[in-house]
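Asker: Go ahead and model the full structure; you've got the sequences and the hints to work with.
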Amino acid sequence: MKNILGREVPDNIKGYGEVKHYGGYLASKGTKTKRSIKMTNVLPGDEKLHDNLDTVLDKLPLKDGMVVSFHHHLRNGDFVLNMVMEKIAARGYKDITIAASSIFPCHGELVELIEKKVVTSIYAAYISGPVAEAISAGKLENPAVMHTHGGRARIMESGDLSIDIAFIAAPTSDDYGNINGVDGKSACGALGYAYTDAETADITVAITDNLVEYPNTTIDIPQTLIDYVVVVGAIGDPNGIVSGTTQITKNPIGLKIANMTTELIKNSGYFKDGMSFQTGAGGVSLAVAADMKAEMIENNIKGSFASGGITGYIVDMYKEGLFKSLFDVQCFDLAAIKSAKENAGHMTMSASMYANADNKGSVVNKLDIVILGATEIDTDFNVNVTTTSDGTIMGGSGGHADTSAGAKLAIIVTQLANSRISAIKDRVTALTTPGETVDVIVTERGIAINPKRTELIERLKETNLPIMTIDELKNIAETMTGKPREVEFTDEIVAVIEYRDGTVLDVVRKAK
Amino acid sequence: MLRRSMLFMPGNNPGMLQTAEVFGSDSVILDLEDAVSLGEKDAARILIKGALKTFNYGTTEVVIRINPFSTPYALEDIDVMARLKPNAILLPKATPEDMKQLDEMLTRIEKEEGFEEGIIRIHALVETTYGVETVYETIQMSNRVDSVCLGGEDLAADLGVARTKDSEELFYARTKVVNACKALKIDAIDTPFTDTNDEAGLLADTIHAKKLGFTGKLSINPRQINTIHKVYSPTADEISWANRVMYAKDEAEKEGLGVFSLDGKMIDAPIISRAMNTLNTARVIGLIK
Numbered sequence: 000m001k002n003i004l005g006r007e008v009p010d011n012i013k014g015y016g017e018v019k020h021y022g023g024y025l026a027s028k029g030t031k032t033k034r035s036i037k038m039t040n041v042l043p044g045d046e047k048l049h050d051n052l053d054t055v056l057d058k059l060p061l062k063d064g065m066v067v068s069f070h071h072h073l074r075n076g077d078f079v080l081n082m083v084m085e086k087i088a089a090r091g092y093k094d095i096t097i098a099a100s101s102i103f104p105c106h107g108e109l110v111e112l113i114e115k116k117v118v119t120s121i122y123a124a125y126i127s128g129p130v131a132e133a134i135s136a137g138k139l140e141n142p143a144v145m146h147t148h149g150g151r152a153r154i155m156e157s158g159d160l161s162i163d164i165a166f167i168a169a170p171t172s173d174d175y176g177n178i179n180g181v182d183g184k185s186a187c188g189a190l191g192y193a194y195t196d197a198e199t200a201d202i203t204v205a206i207t208d209n210l211v212e213y214p215n216t217t218i219d220i221p222q223t224l225i226d227y228v229v230v231v232g233a234i235g236d237p238n239g240i241v242s243g244t245t246q247i248t249k250n251p252i253g254l255k256i257a258n259m260t261t262e263l264i265k266n267s268g269y270f271k272d273g274m275s276f277q278t279g280a281g282g283v284s285l286a287v288a289a290d291m292k293a294e295m296i297e298n299n300i301k302g303s304f305a306s307g308g309i310t311g312y313i314v315d316m317y318k319e320g321l322f323k324s325l326f327d328v329q330c331f332d333l334a335a336i337k338s339a340k341e342n343a344g345h346m347t348m349s350a351s352m353y354a355n356a357d358n359k360g361s362v363v364n365k366l367d368i369v370i371l372g373a374t375e376i377d378t379d380f381n382v383n384v385t386t387t388s389d390g391t392i393m394g395g396s397g398g399h400a401d402t403s404a405g406a407k408l409a410i411i412v413t414q415l416a417n418s419r420i421s422a423i424k425d426r427v428t429a430l431t432t433p434g435e436t437v438d439v440i441v442t443e444r445g446i447a448i449n450p451k452r453t454e455l456i457e458r459l460k461e462t463n464l465p466i467m468t469i470d471e472l473k474n475i476a477e478t479m480t481g482k483p484r485e486v487e488f489t490d491e492i493v494a495v496i497e498y499r500d501g502t503v504l505d506v507v508r509k510a511k
Numbered sequence: 000m001l002r003r004s005m006l007f008m009p010g011n012n013p014g015m016l017q018t019a020e021v022f023g024s025d026s027v028i029l030d031l032e033d034a035v036s037l038g039e040k041d042a043a044r045i046l047i048k049g050a051l052k053t054f055n056y057g058t059t060e061v062v063i064r065i066n067p068f069s070t071p072y073a074l075e076d077i078d079v080m081a082r083l084k085p086n087a088i089l090l091p092k093a094t095p096e097d098m099k100q101l102d103e104m105l106t107r108i109e110k111e112e113g114f115e116e117g118i119i120r121i122h123a124l125v126e127t128t129y130g131v132e133t134v135y136e137t138i139q140m141s142n143r144v145d146s147v148c149l150g151g152e153d154l155a156a157d158l159g160v161a162r163t164k165d166s167e168e169l170f171y172a173r174t175k176v177v178n179a180c181k182a183l184k185i186d187a188i189d190t191p192f193t194d195t196n197d198e199a200g201l202l203a204d205t206i207h208a209k210k211l212g213f214t215g216k217l218s219i220n221p222r223q224i225n226t227i228h229k230v231y232s233p234t235a236d237e238i239s240w241a242n243r244v245m246y247a248k249d250e251a252e253k254e255g256l257g258v259f260s261l262d263g264k265m266i267d268a269p270i271i272s273r274a275m276n277t278l279n280t281a282r283v284i285g286l287i288k
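Protein chains in written order, with numbering that gives the first Met the number 0: chain V, 0 to 511; chain U, 0 to 288.
Take the hints with a grain of salt, since some may be wrong.
Restricting the straight-line Cα-Cα distance to at most 30 Å, the calculated cross-link-like pairs of lysine-lysine (DSBU-like) are [said to hold, decoys possible]:
1) V:Lys301 / U:Lys229
2) V:Lys31 / V:Lys13
3) U:Lys210 / U:Lys175
4) V:Lys93 / V:Lys115
5) U:Lys48 / U:Lys84
6) U:Lys248 / U:Lys209
7) V:Lys19 / V:Lys365
8) V:Lys292 / U:Lys229
9) U:Lys288 / V:Lys265
10) U:Lys209 / V:Lys249
11) V:Lys86 / V:Lys62
12) U:Lys52 / V:Lys482
13) U:Lys229 / U:Lys264
14) U:Lys181 / U:Lys84
15) V:Lys292 / V:Lys271
16) U:Lys99 / U:Lys184
17) U:Lys84 / V:Lys482
18) V:Lys1 / V:Lys19
19) U:Lys229 / V:Lys271
20) V:Lys451 / U:Lys288
21) U:Lys164 / V:Lys249
22) U:Lys229 / V:Lys460
23) V:Lys249 / U:Lys40
24) V:Lys265 / U:Lys229
25) U:Lys229 / V:Lys249
26) U:Lys288 / V:Lys271
27) V:Lys271 / V:Lys301
28) V:Lys93 / V:Lys47
29) V:Lys93 / V:Lys509
30) U:Lys48 / V:Lys249
31) U:Lys248 / U:Lys184
32) U:Lys184 / U:Lys110
33) V:Lys359 / V:Lys323
34) V:Lys451 / V:Lys28
35) V:Lys460 / U:Lys288
36) U:Lys181 / U:Lys210
37) V:Lys58 / V:Lys37
38) V:Lys482 / U:Lys48
39) V:Lys301 / V:Lys323
40) V:Lys93 / V:Lys62
Quick caveat, the hints were computed from the structure, so don't treat them as lab data.
Answerer: In structure tokens:
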């Protein structure tokens with residue numbers, strides 16, 4: 000059937016089950032119940048520590064069809080997912096469900112396990128690289144479930160997905176499982192996604208390459224949530240964990256978009272004392288942060304908090320007193336990691352606190368302004384950050400749909416036309432974030448405001464900003480790029496895109 | 000038209016041709032000369048031809064820099080480009096002799112194509128010592144000349160001196176070009192500032208050139224446009240002053256006064272003219288309605 004966004008989504012999907020159709024971004028209100036979690040008590044004298052993964056695995060109730068989870072703070076430098084799955088596969092287990100907060104190119108070894116049916120289901124908020132290509136090609140037994148960061152916390156807490164065993168990559172741990180992400184050779188900073196895994200899994204295994212004496216003096220995830228600690232040679236490659244310093248774009252188009260975005264924010268009515276702000280680690284996002292910093296200093300504006308994945312640029316704004324505090328779910332660079340360790344106002348938060356729609360209030364609900372990207376946008380302001388225009392999975396929501404729903408002003412920044420590709424289409428190839436939660440699109444050639452935001456349209460009329468309708472923007476792009484030919488798809492569903500409340504927004508089908 | 004900034008774009012880069020007008024420069028110069036290697040001259044002509052037929056550059060002036068007459072490419076550049084009816088041609092290494100030849104060719108092509116005579120304008124890029132010495136004569140060779148642009152890099156090489164950050168070596172050329180342009184009522188466009196990462200240097204150089212009388216500046220990177228526009232756009236104080244001058248003038252006229260003063264200073268025709276220019280510029284760039 001066609002859902003309310005006009006997307007063709009069946010009522011029942013093979014390998015996924017019955018579909019709860021999307022009913023609007025605020026439709027899922029009410030009282031929810033948390034799942035009960037098994038806790039095996041640890042008695043005085045019991046040892047949690049192991050010096051190799053095999054002895055831990057010997058103790059675990061491994062079985063066919065189990066659900067294991069991983070987190071992605073080590074990003075493209077993560078060794079833990081491959082390390083664990085290789086052992087599980089060697090022991091002959093099949094039909095495993097992997098719940099990873101994100102999957103990166105470094106996890107390419109999973110493709111072989113997918114082909115051998117060792118892994119038959121994947122849940123993730125973001126998937127890129129060989130695994131994404133394999134899923135797009137229809138190699139995974141069941142459709143991948145692509146949720147949001149907040150949606151992942153929700154399914155774990157609600158029990159929509161029960162995690163049997165969580166494997167936590169721990170940059171530093173003591174022998175009783177007090178973990179932090181800010182020390183050690185594989186330091187990655189805040190452990191926001193891992194915290195939710197540790198809280199909700201029946202069994203939790205911390206895997207560390209930096210064992211310190213008990214008690215570890217900085218604790219992000221406490222011993223009360225950890226069953227086993229295992230020491231390995233390395234949990235990750237520092238070169239893939241952080242890229243040193245993320246950089247402001249030097250691309251003139253990106254800078255122009257950033258300048259226009261800052262001008263828009265300044266005139267939006269939200270640029271005032273006490274404002275809260277979130278932006279990503281992309282070059283344009285950082286350019287907006289740099290522009291915002293200059294404007295906040297010039298206009299003597301002091302913000303309340305900045306949130307999300309934190310970068311050195313945001314840390315600098317915090318240090319200069321432009322934000323009172325930082326809410327950090329994952330660190331993007333070395334400066335952010337250092338700050339998470341040193342600054343009291345730099346607070347780490349769990350994925351649930353960050354973005355879960357079904358708890359007693361997540362941080363995204365308190366956001367004033369968020370800057371987000373897009374691969375495609377349609378004339379209803381729906382956004383795709385899940386697939387390329389040819390339908391191949393190359394990303395996913397992450398916190399996109401969460402922050403867009405929560406923030407008062409959700410701004411999408413994108414280049415309107417890049418060579419032969421227009422960002423604005425009649426219909427996005429896959430729908431990640433519903434248009435009703437998107438307020439503004441900023442491109443190098445013009446700005447489109449969601450017609451529902453009449454007060455914003457009125458407010459910005461008096462500026463010199465090039466405000467136009469989204470159809471006008473689309474027409475400009477199409478005069479340059481032509482109208483793209485529609486990609487043809489088979490009926491085979493390779494991924495299900497869940498909204499943050501667990502309803503289904505869209506499906507990704509295999510391209511012909 | 001307003002020419003605060005003229006931005007060079009390589010003629011052989013499709014992506015840049017697609018975004019040429021996006022950065023808000025008053026003119027874009029699609030380059031067939033230095034930015035294009037010898038093997039790509041024909042490809043660049045084809046790309047520019049496609050771009051001018053396909054993209055809408057709106058109110059941005061579209062200028063094409065041809066190769067100099069001393070090269071084998073100039074004649075074909077002119078023959079192909081002029082038929083696309085660009086707003087203007089930028090003549091490199093401009094001399095009176097080359098200007099005469101370009102003007103004659105444009106006149107012939109306009110006639111052949113049925114274009115209005117003189118519709119294709121010319122900007123003269125002065126970048127040799129001979130060009131500097133003959134700049135006044137060069138401008139007078141054609142009624143199409145809208146500006147003289149100074150090319151500091153080639154000129155320094157011709158002078159046999161090094162280019163410096165403060166452009167001391169260009170002082171004579173700058174003042175000579177400005178004087179010729181002012182005398183013949185056309186725009187004087189300053190040489191580009193070539194360190195694209197030195198925003199403070201660009202700002203200082205642009206302010207200095209404005210003080211010498213230049214009306215705009217060439218640019219080699221879109222990131223320079225905002226800084227150049229900042230210098231060549233009226234400030235809020237200047238707009239306020241101009242409004243007050245015009246108000247005082249209106250009041251004086253109502254009272255039948257031929258001479259009047261503002262803030263204790265006598266206001267005469269050149270000052271009124273400057274105030275009017277300020278308000279016109281502010282209006283064109285949308286600072287006032």
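Asker: Now tell me if each hint is right for this structure.
Answerer: Quick rundown of the hints versus the structure:
1. V:Lys301 / U:Lys229: Distance of about 27 Å is within 30 Å: holds.
2. V:Lys31 / V:Lys13: 27 Å, holds
3. U:Lys210 / U:Lys175: 14 Å, holds
4. V:Lys93 / V:Lys115: Answer holds: lysine 93 of chain V to lysine 115 of chain V is near 9 Å, not above 30 Å.
5. U:Lys48 / U:Lys84: 10 Å, holds
6. U:Lys248 / U:Lys209: This hinted pair holds, its Cα atoms lying about 27 Å apart.
7. V:Lys19 / V:Lys365: 27 Å, holds
8. V:Lys292 / U:Lys229: 20 Å, holds
9. U:Lys288 / V:Lys265: 21 Å, holds
10. U:Lys209 / V:Lys249: The given pair, whose Cα atoms are some 27 Å apart, holds under the 30 Å limit.
11. V:Lys86 / V:Lys62: 13 Å, holds
12. U:Lys52 / V:Lys482: 17 Å, holds
13. U:Lys229 / U:Lys264: Holds, at roughly 28 Å.
14. U:Lys181 / U:Lys84: 28 Å, holds
15. V:Lys292 / V:Lys271: 13 Å, holds
16. U:Lys99 / U:Lys184: Cα-Cα ~19 Å, so holds.
17. U:Lys84 / V:Lys482: Holds. Lysine 84 of chain U to lysine 482 of chain V sits at ~27 Å (cutoff 30 Å).
18. V:Lys1 / V:Lys19: 13 Å, holds
19. U:Lys229 / V:Lys271: 26 Å, holds
20. V:Lys451 / U:Lys288: Measuring from Cα to Cα gives roughly 29 Å; hence the hint holds.
21. U:Lys164 / V:Lys249: 23 Å, holds
22. U:Lys229 / V:Lys460: Answer holds: lysine 229 of chain U to lysine 460 of chain V is near 23 Å, not above 30 Å.
23. V:Lys249 / U:Lys40: 28 Å, holds
24. V:Lys265 / U:Lys229: 19 Å, holds
25. U:Lys229 / V:Lys249: 20 Å, holds
26. U:Lys288 / V:Lys271: 27 Å, holds
27. V:Lys271 / V:Lys301: Satisfied, since the Cα-Cα distance of roughly 7 Å is no more than 30 Å.
28. V:Lys93 / V:Lys47: Holds, at roughly 27 Å.
29. V:Lys93 / V:Lys509: 24 Å, holds
30. U:Lys48 / V:Lys249: 28 Å, holds
31. U:Lys248 / U:Lys184: Cα-Cα ~25 Å, so holds.
32. U:Lys184 / U:Lys110: 27 Å, holds
33. V:Lys359 / V:Lys323: 23 Å, holds
34. V:Lys451 / V:Lys28: Holds. Lysine 451 of chain V to lysine 28 of chain V sits at ~22 Å (cutoff 30 Å).
35. V:Lys460 / U:Lys288: 14 Å, holds
36. U:Lys181 / U:Lys210: 14 Å, holds
37. V:Lys58 / V:Lys37: Status holds; Cα separation ~16 Å.
38. V:Lys482 / U:Lys48: Since the Cα atoms of lysine 482 of chain V and lysine 48 of chain U sit roughly 21 Å apart, the hinted pair holds (cutoff 30 Å).
39. V:Lys301 / V:Lys323: Distance of about 8 Å is within 30 Å: holds.
40. V:Lys93 / V:Lys62: Given that 30 Å is the threshold and the Cα spacing comes to 8 Å, the pair holds.
Figure legend: structure checked against the earlier numbered hints; every hint is met.
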